[in-house]
Amino acid sequence: MSVSSVSTEVDIKGNLEALRKLALARGAHDAVVIPASDVIVDPRVRLKCLIPLCYMALRCDHCPPDGYSVEEVREMVSRYQWAVFYRVTVKSTIIAARNLSDYVSARIFDPKANLLNLGGNYILVFTITKILQKKAASMGYAKTSGFAAGNCRDPFCHFQPGCRKLMTGNNCRHPELSSPSMESCGMDVYSMAARAGWDIYPIGGRCEPESVGRGNLCGLVLVT
Amino acid sequence: MPPLFDVPCNVKKIPPAKAGTQIAADLQLLQKRVIEYGAAAASVIASSQVIFSHDVRARAAADVSYPSFNWPLALPRDNMRDAIGAYQHGIFFSIMFSKPLPACGGGPIPDEEHRRLYERLYALVTDIESSSFYMGYQLALGLAAGNCRAVFCHSEDRCWAMVKGRGCIHPYKGRPSMETVGIDTRVMARSLSMTGESDNRLLAGLVMIV
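Protein chains in written order, with the numbering used here: chain A, 137 to 360; chain B, 300 to 509.
Extracted from the complex, chain A is given alone in its bound form (with noise of 0.2 Å):
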């Protein structure tokens, strides 16, 4: 299918639908397309992987301070007109189980396996965003841009020395599987996901599973 097969803005309208229902039945709790105007690119979001300084942060080559910038994030952003966001949801007793950032800072597994259980979320909103933006290729849509959520090293080179690209400047070990994060780009996904309508609690080390609702992994794909 070529692209100018896609253009009538009812075919686009039900690609988009397409690929929403997509994510549905992958595992997303919730998606919707959004105006790409919609996304909301912040300085201040990127700073939050700095300040105080993520276990993650000069370790993964899509995290701060590496990664995109802000500006080249909203010059690509300004490039499409529609995105389909999605999240992922997650117990409570799981993404906010007890001394988890500890285990996570500490890059080991706790006995309960909570952080088995939060990377296998982890891993599906990567696998979500690479299918929507598999599919959206075989629509027409050869020019997507997709973002998980958190860092991609951990769910695919946990038992790596270090991430390949940012150590050895060589290629990425899992280009197939990984994606740069909402948040590693400035996007502030906990006001997106309130504005689509989602609950979204801050969840910080500090913690317990009875002081939140469930915990959202969101995904994006900038479609057209």
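None of these hints come from the bench; they were simulated from the model.
Do not rely on the hints blindly, as some may be mistaken.
[Claimed, not checked] Mimicking SDA-like on lysine to any residue, the simulated pairs with C-alpha atoms at most 25 Å apart in a straight line are:
hint, chain 1, residue 1, chain 2, residue 2
1, A, 227, A, 242
2, A, 227, A, 349
3, B, 463, A, 278
4, A, 248, A, 341
5, B, 312, B, 330
6, B, 311, A, 327
7, B, 311, A, 235
8, B, 472, B, 339
9, B, 311, A, 168
10, A, 270, A, 158
11, B, 312, A, 160
12, B, 317, A, 342
13, B, 463, A, 204
On a predicted model such as this, the values are computed, not experimentally measured, just so you know.
Based on these hints, arrange chain B on the given structure of chain A.
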């Protein structure tokens, strides 16, 4: 020091938009708590009241004798000034020492009593930042004073965050200082009438909230 807020009871859902009255009330509450927790003075400020100085930033950038990730802060792909300008409000506060503080810049802090004062400042900054986060201000950002390596890692032979493949060993305590991002703390304190008789006994912190 116990946290300003009991997190398990106070985590707020992020709303689609925050009402101005709610923001004002939250800022006042945070300001009050900072004073209760030992700050000499605290002001709710607009981001336009943050005073940047090229000289302050240049001095910090040139002070490389005791480097850490946060001193001198070098973020080539991010613009701190733009980011701080994107906030509407923050809380600027000061703590005072009983005698003049030596100008340590980004270097070690030899006097333990002085170091404890810095620790108190960092504790307040991180606590306000963290409390703001759980109150629904997910972009709250704290800046302290000096070099966090001199405060928390003075017994280490390096800043571990700067070593490839390693990470910060005090991520929940360390923050960049105002001076390393180019904020003129002294001028700001004076403009907010916080200095009193002498400004060389003062340490200041800034948490941009919303």
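Original post:
Which hints, by number, does the structure contradict?
Top reply: 3
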